[in-house]
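Undergrad: The lines below spell out each chain.
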Amino acid sequence: MRNTDAITLTRFRASFADPHLLLEAVKRLKQEGYPIIDTYSPFPVHGMDEAIGLKPSRLPRACLAFGLLGLATALGVQIWTSAYDYPLIVGGKPLVSLPAFIPVSFELTVLFAGLGVVASLFVASGMRPKFKVPDLHPGVNDDRFVVAGEIQAGASFTVVQSLMASLGALETELLVEDKSQTDHSLLDREAKPLAFLLAAIPAVLVLAALPLLNRNYLKRNLAWDGGMMAPVAYQSFDPHPSLPGGQVLQTPPAGTVSRKGLVPLPFGPGKVEAERAGLELKNPFQPSQENFSRGKLVYDRSCAACHGLDGDNNSSVIVARGLLAPAILVAPVVRNMPDGLLFHVATFGGPQKMKGLGDLISRDDRWKVVLYIRELQRAAAPKPLPAPAPSPSTGATS
Amino acid sequence: MKPNQVFSVPSRDLTRPQFPTLAEIGEKFRLGAWTLSGLGLLMLGIGLATSPLHAWANVLMTAFNLTCVGLGGLFLLAIQSTTGARWSDPILKAHRAMPALLPIAGLMMLALWFGADTLYPWARPEAHGDHLLKGRLVWLNRPFFFGRILLFFGLWILLGRRIVQRGKGSAVFILVFGVTFVLANFDWIMTLEPAWNSTIFAIYGFSGMFLQGIAIVTISAIVLRRVGLLPEISKAQNHDLGKLLFAFSCFWAYIWLSQFLLVWYANIPEETAPIRLMLNSKWTPFFYLNLVLNFGLPFVMLLQRKAKTNERVLMVACFTVLAGHWLDLYLMVLPPVLKGASPSFGFSEVGGILLQFGLGHMACWPVFMKDVNPEQELPQAG
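First to last, the sequence lines map onto chains A and B. The numbering used here applies: residue 1 is where the first sequence begins, and numbers increase by one. The numbering used here applies: residue 1 is where the second sequence begins, and numbers increase by one.
Treat each hint with caution, since some may be false.
[What the hints assert, rightly or not] Among chain A residues calculated to face chain B with C-beta under 8 Å, some are:
(1) ALA62
(2) ALA65
(3) PRO338
[Claimed, not checked] Just so you have them, the derived chain B footprint on chain A, three or more residues with Cβ under 8 Å:
(4) 47-61
(5) 97-109
Keep in mind the hints are simulated off the structure, nothing from the lab. Virtual Cβ for every residue (Gly too), placed ideally from N, Cα, C.
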């Protein structure tokens, strides 16, 4: 640091209109032994650093250090997040797949190096808000090329002035230190506690982030619902203000072939649903020879093995084997069940052992089987002719 | 005003007796060039007799590389002329000789007429039955292909002559170069494997070409200053060349990664096949060596400012880049030609390399000799 009081009247500056004149002047001043303080120009003058005799800048080292820091940060964050903290295979690549990390690493290296070296420059050169070069020539931002130097003890200003004039200087003058300006800087005032507070913000942020790094996988995570859990899209059966028909689901075009067969069956498995089916469903098929024959065919194939060809368990295979007997279809209990309930049992299975056959037998066929079972019951009815009287009272409510 | 005088390092004085005269140096260069070219041709001949596949591939590599050298010099010259650069004035003489290679390179490319069916699948008769090639045969057929070669070289030589002799037409050349060099890369190298394509391939080729061009300019500048032919070259020029070399080495790596990363990540079978071969075969070490030679070593070597002004470090870096560019081309040309066979280094490869050095000197030297004539005034940038 220079002692500004001592040299206040021994400094001079000379301004030129041409960078090459400035370069020549600097070289001449060096030759004559005048210490050069600095030069100021609107743009960097090629070769000026060497002419003043500046030592090579140490900023590249800071640049390298910040670059390496950026590289380490980028690689560290990427490897840690994608391979350790939340291992997730993306695109079938290995967890630590370096080629994929290169773009981010490159960008962060450049970012850290760039910002870091600028910050280092500010710190190293004492640049801060309201910092002003003392008594700077106003033209150096425009068209003037200025050199500032010191007059050694014993030399007089007039000698310097004539020397500079001979080298083409537009003007040469003594520098007067403007002390009032140097007192306004942020760091020179009582601002140090504030500066420390500002510097502490990143540290506090890092500390606040520590719990995030220390996660317990056995505990349920707090989920951040970014709105993705509740879709804003319309659902199929929602009403719609502007679509034809006033609802989202549209009638398929004429001639569309259904992939599944029929409209959805709005029932699930279970006893409650079965009773609801019994109340709500009607057999869409009327008794006819054709429907009976189809029903018989399906019944003989799929049902008769357990329930017997006549629905009375007589020819049942599993009964013959001594296993659990299925419901007797021609018994009054079954006879009094509504069609819909039988249909539901055929679709989803019975209360005990019977499996649902809904995915094996088509819906139409199940209804026709129900028709056929009614026919079987009618055929079996004459034998217990006196029985019909008590049966409604027992079966109607089941 | 001569800003370079400030840092000029002591250069050799031609009048002092311990240094060879211009004529003596010229004689040595010429002798060396003829010997190298003769040896190279001989080796290529042996290669052609023993393994035509390798020989033709190396003819293509040699021709392409000589084109790259010529265009590299021309392109540098054109840029400096368009931007009105002054830093390069002392080294322009080294650039100006390089385009002299273009006619020789063009002749070598035309010589591929006889080896086209060995190298290019689309030039074989059975290509007409290949459904992958059917549509591409409109563009890829012998008359049109060699017609394009003639057109490209014609344009380059004509525009290049205008730039070198009169210092004019640089902007036009840069525009023409942009289109023609892209097509040349696609035509000559990428169609070795006609079913594979990469849209960045030409830029990749350009980055390698430019990097090599800078390396050759740097080598010539240093060598010529050492023998005292370009005494005005100073440390400042070395530093600038070092910076260019460093920057474009990084640029090459950037483009290399841009091509590799997309293919690697997307993993589309038709694109991945060549990369897969590179990553899982005897080519793998060379695949990585390519990165080290073109990017890794120059990057580490030239990172420091001191290194960029040090002639010895610069020379090593430049020759590393030259070797790297040769390997780069080798990896572009040979795997598709050999159809997945292991890499080999034989007569043809040695012949190709010798021929490159020999022809390079033979073509550039006379032009350069004319330029270093003190009475010759260089045309100023327009």
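Undergrad: Report holds or violated for the interface hint on ALA62/A, using the least CB-CB distance to chain B and a cut-off of 8 Å.
TA: 14 Å, violated
Undergrad: Does the nearest C-beta of chain B fall within a distance shorter than 8 Å of the C-beta of PRO338/A?
TA: 60 Å, violated
Undergrad: Count the residues of the stretch 47-61 of chain A whose CB lies closer than 8 Å to any CB of chain B, then report whether that count reaches three.
TA: holds (count 5)
Undergrad: Taking beta carbons only, do three or more residues of the stretch 97-109 of chain A come closer than 8 Å to chain B?
TA: holds (count 4)
Undergrad: Under the criterion of a CB-CB separation shorter than 8 Å, is ALA65/A in contact with chain B as hinted?
TA: 13 Å, violated
Of the numbered hints listed earlier, those contradicted by the structure are 1, 2, 3.
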